[in-house]
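Chemist: Knowing the structure of chain A, use the given hints to seat chain B on it.
Here is what each chain is made of, one letter per residue.
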Amino acid sequence: MARSTPERRRKARVKTAFSIYYAIFLVFVYGPMFAMFTLSFQGPRGGVTFPMRGLSFFWWEKLAGPSAVGDIKSSLVRSLTLAVIVMLITAIFATMLAMAFRKKFRGSGPLFYAVMAGLMVPGVLLSLGLASLLRTIGFSPAWWYSGLGVHVVWTLPFGFLVMMAVFNRFDFRLEEAARDMGADEWTVFKEITLPLITPGIVAAGLFGFTLSYDEFARTTLLAGAQNTLPLDINAAMTQRVQPTIFALGTASTIFSLLMIALFIVVYTILYRRSR
Amino acid sequence: MTTVETYAKISHAKIAPRGLLGSAPVVHGEAEAKRKYRREPGFPVPVLIAPATLWLIVFLFLPLISIFIFSFWKTTGHGMVPAFTLEHYGAFFASEGFLDPNSPDFLTPSVFIRTLWTTFRFTITVMAICLILAYPLAYFLSMQVEDFKWQLALFLLVMVPFWTSYLIRAVAWLPMLGRHGLINEFLIDIGVIDEPVSFFLYSEFSYTMALVQLYVVLAVGPIFFSLAKIDRTLLEAARDMGATPFQIFREIIFPLSLPGIAIGMIFVFVMVMGEFATAVVVYGGKTSTTGTVILNYYAIANYPFAAVNAFMLMLAMMIGVVFILRLVDIRKEL
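Protein chains in written order, with the numbering used here: chain A, 34 to 308; chain B, 1165 to 1498.
Don't take every hint at face value.
One-sided and incomplete, this derived list gives chain B residues near chain A with beta-carbon spacing under 7 Å [what the hints assert, rightly or not]: (1) Ala1336; (2) Phe1418; (3) Gly1438; (4) Ile1464.
In case anyone wonders, no lab produced these hints; they're calculated from the structure. Glycine is no exception: its CB is placed at the ideal position from the N, C-alpha and C atoms.
In isolation and in its complexed conformation, chain B is listed as follows:
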């Protein structure tokens, strides 16, 4: 059979039932054909998404909505009862003598809002350091390492700690930081200091260092991916037109890596804002984050006040994420 014959046979077979060749249309055949045409191939979407959607409703949305609702309930000392009270919000913002001009606490924000502020300040510092450390690394992996296998291997080597226990990694900082810790010994050895300093353990410095080490890989990943996706012919073209390496970086590479930076920074931001365990380990519980405040109030069964802190934390995080998304459009990336 020639190709033409085959084609004729196929087209005839397809067209005939629809009544295009005959004088009278075949009604039921047409309806069926239409239905078949409309039905998309593959499993039906509702079946595919139903289990995960239900799961997310129960284990993600209900808890978040509960936090919001419970923040208005009344505490009973060992639990809570439904009510609508703003007293917990009041306590979150203002300490006892907030409106009393004679009180020493007149117009001072409460300890809870200051904790949230400290948490936020730490987070911004950690984000900045993570970005400074992660960017050159991602740049090295994506632009300087040419062999794909090496690229993947070196990238995995950096990412592996992300898959190990973060509690353990926090604990692992203890031997580094004490008075006889490795950092002190090292600084004495190279002659920067004569005596060990206790500055390294249970200090802001050690806390920041530990957080950076714990979360920096979260910034490396997305930046690496956005750099690796850059079309190399663009760089070639710029070079041919006489651009200096710095110009190429400023005009092409950096702008194209912004989505990766944004995603990485969002990761670090939300993780560090919700942080609570590291503070206890490497900061000796000397400071509290909003996370520890939440857990402490949960422990004494003051669920509504824990919920208020949680809600304010959520709000602060949403503002932060929206702010980052405003700066960079990441939708193309996803």
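Just chain A, with the same shape it has in the complex:
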């Protein structure tokens, strides 16, 4: 039974209007990034705003040079190392927690809210609290322990929610069947559970990696003497702003996008395999 034509036309009009809105929204979200990308090729005498004074790789070369914005290469290495560790811990903790939450247990309510609190507490509070606590008891913060600590607090809720969603759609009968056939818990986990939830673990890891790699507020006071990449970027921003920062920003954004693409590809492959 076909609907009346006027109604269909009205629907099409509404859909077009929404599509246009979507496009404008994308311009709003991505526009500044493209402006930054363009301006990173600013000529040597150009500034941080339009107009472009020539087209050059001047600022990119300056970024690659030795003393551009602090010691970028080693802070990049630190940021990547930290992101990988955070990714692993997030994936493991999130999986363990979600597995625990498949059962009802005492204190599950408070624990749930405790995990979620990591999402709610602003980075500046955690930074301040932990940094002043460490200084009081005579420790110096460093990125590899205090930085790592608060990064996981921030990424864990994302990973946890992903894994909860995964286990919500999990067919428990598969595990029960394996148990009935005499498999012990480790075998059940290794042979049945793990292969089925691997795509979810990858997604949880994605959150861990990218959120840690870009995290600034939580690392502000907790990285100690050695900076992570976002701290270097911030330092460069608060000094005289030059188009170098746009080159750095473009490089960093492209890297993030590549990571996301890589994760999506891995996820898709694993997801297809687990079906």
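Modeler: Chain B alone, transformed into the frame defined by chain A:
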């Protein structure tokens, strides 16, 4: 073997050790069976939750408790010593001549409480704009795009910036906003203004715009999920009973999307309240948020006063979150 025979064998094997068929109960067998019955399948819960719980205690609860405790300590100029003093709280609320009728500052709230208020005011504005921008977008994605693959792709396209550096996205606003920024050029091109206006850089406007752009995706996600979960048969039924599209939206879609709105608004609220870096970049440090105040006092090693500001910020945020949760029950959503 027939099915019946198999069944008989299984039930016999299961029942026999428990002594139901024999005259004397097999005691140790029964105890073991009971223990096995009670033991739930899967890894033990304490083992699963212990590492994450410990981690949260050390890196989430101890820092928050420290803030509260340190806010009562005494500053020494280069650190702090244990004490119980309310002087920092006093300084937070009241400026020097608060109780002196002759002072120009008589009964004026201190700069810190005004900063917190400004932070709050900005946050509410940003939340409102985020909601207005995010809702139609989430509605479009969930209700108008029918193909699931397209839905996912378009949704991811919106969410991708969330996974890129937010500092970089804040910096990226600079070329848009200056006197020769893209917004000025655009407005001149379409003839709205004749001369470039400096209104766009280092102004409340640019600050608000940048914050909205940084955090609007946090509102899109939850609203999208709650809209996507709505049972389409409800809408079909309403349509069959003659409801207009607007009635369907008001009576069904909007109420069912409230949990998503609440979660999205909580995200934006806590993020913008704790904001401090964007203010420096796009506002030129002309204003301070409570976040920048905290960092400034930390930098001069006045930890207790930083802690007081942090605690008040935390309090304001908790009140805000509880208020939003009062309006909407999100427990079903989680």
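Chemist: Against each hint, give a clear statement of whether it holds in the structure.
Modeler: Taking the hints in turn, this is what the structure says about them:
Annotation: B/Ala1336 was flagged as interfacial toward chain A, and the flag holds, the nearest CB pair being 4 Å apart, inside 7 Å. Nearest Cβ of chain A to the Cβ of B/Phe1418: about 16 Å, over the 7 Å cut. The hint is violated. Given hint, B/Gly1438 at the interface with chain A, holds; its Cβ is 2 Å from that chain's nearest Cβ, closer than 7 Å. Interface restraint check: B/Ile1464 against chain A, minimum CB-CB distance 13 Å, threshold 7 Å, status violated.
Comparing the model with each numbered hint stated earlier shows that hints 2 and 4 do not hold.
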